[in-house]
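> Chains as they are written, first to last, in my numbering: chain C, -11 to 250; chain P, 1436 to 1763; chain G, 613 to 903.
Please keep in mind that the hints were generated in silico from the structure rather than gathered at the bench.
You can trust all of the hints, since none of them are fake.
A partial selection of chain P residues facing chain G, derived with a Cβ cut-off under 8 Å:
#1 L1493
#2 L1544
#3 Y1548
#4 F1556
#5 A1559
#6 R1627
#7 F1679
#8 T1716
#9 S1722
#10 V1725
#11 L1729
#12 V1730
Note that CB positions come from ideal geometry on N, CA and C, so glycine has one too.
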Amino acid sequence: MADLILECRGVNKAYGAVRALNDVSLELRAGEVLGLVGPNGAGKTTLVDLIGGEQRPDSGAITALGRPLAGAPSRRARVNGLARTFQHPQVALDLTARENMLIGLAGPSLATLSGQLRELAAGILGAGSRIQRDSAHGEVERVAAALGLADIERECRELTLGELRLVEVGRALLTRPALMLLDEPFAGSDAHGVAGIRAAIAEILRNGCGVILVDHNVDIVASLAHRIALLNLGAKVFDGDPKACLASPEMQAVYFGEREAA
Amino acid sequence: MLRGGSAWVESIVTLALAIAAMVAVHGSPYLEAVALLTCTYAFIALGMYLPFIMGGALSMAYNAYLGVGAYAMALLATRGDWDLAWSLPIGMIIAAATAVVLGFATRRLSGFYLAAVTLLFGIAFTTWLVDAESVTGGSGGLQGLRVPVFAGKPLSNSTLVMLTILAVWIVALALSRLRNSPFGVAVRARRRAAIAVESCGIPVSTLTLVSLALGAAVASVGGSLFAVTNHAIVPESFAVDIVFLCIFMPLLGGQDRPWGAVLGAVLVVTFTFQLTFFKETGSLFFSLAVLLVLVIAPRGVLGYVLIGLQKLRGGGHAKTQGGAARNG
Amino acid sequence: MPAQLFVSIVEIGCFFALIALGYLIVLYGAGFFHFALGPYAMFSALGAAYWVTVSEWPLWMAVLAGVAAAVGLSVVTELLVVRPIEKRVHGEELPSLIAVVATLFAVSQAGGTLFGRKPFPGQPWLDFEDPIEWGEAVIGGQTVIIVGVTLAIFILLAAWLRWSRYGQWLRAVGENQQAARTLGFPVARIRLAAFAMGGLIAGIAGPLFSPKAGVNFESGLSYSLFGFIALVMGGTGSIWAPLAGGLILAALQIAASYLFGSPSLNYATLIAAALFFAFRPEGLFARRVRH
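Just chain C, same shape as in the assembly (with noise of 0.2 Å):
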């Protein structure tokens, strides 16, 4: 059985006197593609921010890499291979596709004080760089041919949704994380947008990752994950094969509504 990369045991976590995440456990392993659907309010984005690091878990345990992840910020989360793309890319516009996702390969150089100055030190002699070593052996258009990305000396605002979503997912990939999370990469994608998608998603699980995959668009989800964990009002109710799923009486109360067994 491959690597468990993600375990999620009796997960709790509320917001006063609202419960997002009820008792909530799951797994990840890799090479998987995991979707992580639900209606808004179902808890889906509380379980993001806690698998990334952003918030704590009130009780329960989350694992990476058999290491406890509880109460990580971003950065450290980052150290635990995690990496995630947001729901409204966060790319910088002025700067080129190829730029951004460099920072993606410069993130252990410039982790600590010492890397920035010695980083900063090369950057004024322009030589001694290690984020310049490392980036001359073309990992960053590998990646990007990899993902489909042409030109990638562009500057990110003329690029299209779809687009920037795959510089994120290019980004993402340059940290080479064990886990990654895609959050809500389908909104506002047309075909091609979806396509880039799923080419990204293949790319990544030729990487050795495992993939969460979070999405209101409970069909395009169905059609890429392996696995599908279905949230409703912070609790799992399905847990299983993607086409049990859409069939199963779960889905339909979830969707639309308790109805009597046909």
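With the hints as your guide, set chains P and G onto chain C.
Same frame as chain C, now just chains P and G:
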């Protein structure tokens, strides 16, 4: 990334301009004085370039960094016996340390709040200059500053002018290279996508502090130069209004390159001191020009010059080299 | 502390409160910190003083002209500077901040160019021949005017916000311009009203307070800065919050000056501002967030 070819062109063209400037002012005490003043402003503007223009952090305490450089130089080199080669770095270190302390205290602030607190700091600094008479000479400042010694020999005015123009060129070139380096890219990304930078494992607060420290150190050189070229320094010279000029110079000159900051310094000196038509109203016209640039022409003078050059070269595959176009 | 200092606290507090109120209105209506309000107050005060002293206008005319100038400057700033820039950058804060700082500087320089760079004393609106004595303190005519006008402005503004159409719209828009636009509010006009109102308040505050401390073309920066601090201290939760903030800041400054000498005014303001920003940036009267 900046392709090797255009990097060389940039170095050579700007060096040629620097040498031309040295030649043009040589022999005329008046022009040499103008050149020194322009270089002083250029250092201040360049000090703003990394943290503010690239990184997007508007810290308005720059008069403090200037003042630190000036008073350190005045106390050590021009009234004490220290060699300029020592007093200059000391001023830079104190200024950098001040920036780090202030930056750390304000690390969670941004935008208007950051501007307000750093402005208050700048005002408090000027107050302290007047207050701390035993150190700073109070409101009378420090007088009797004599020409400092550099590497053992006293500095003649013409040598000083040439050294400073060269120094401005070196600093601007260094910032230009830094801009295109991975460190520079990270700083520039901080401005509009700090979350992204953080999510890649780069601590943005550290990045900001490093930029602020370096910026303060560069600005303090301007202050030190000010002390060297005047026989007296007074607190009024480091009042908070100079911060406005610091901000406006790189904006007017052009944000795309550090050379824009230098150009901005030239424009400021021209507007406010040279054109006798403007006389006292120079600052008003300058500030109106800045507003015009902000609203209509955000790339500044240099930006549009670069666009013009690209069009002449035939557009096509030429692109703004990692430029910060149309960012206001 | 001598009783007279309490009178000063009230006077200065009212001035800061008015500037802070101007900030609050523009914040409600346009989601924007109008850093240039200080120079508008300066321009109005300096202009009025100039027109009375040099052009020999009657006081009421000079003050009216000053107020009109402040309103005009504020409106022009919104139309020609803030709005075009916000439209271009979609949500990034830095360009608007830079622009309003540039406006602050430009208006100060304009004041210096038009009215000269020397300080002017203000012209009192009311002069008592026998000032009121209150314990050991002496209360002059202008003090009464300052307090009276300040309270009147606060009361009228509270009423305007509660009962007038634009006032109600102003409160609704706040920082969520996009949502307001979708809901059909005339956002452009509301913004304009907010900026005009801010300019109006600043324009009155300037000549109101200048008889106490004089004014020169560089005063605008500290007006803006202290008004902003007063706003942050008071908070944005109530129309009366700026009054609290203004009085607190004035008390802080005067107490510091009295106890430790006048330079400590700036040190104390810096420390207080840093503490408030760090620990209670929403101020004393926080805006209750409606979910």
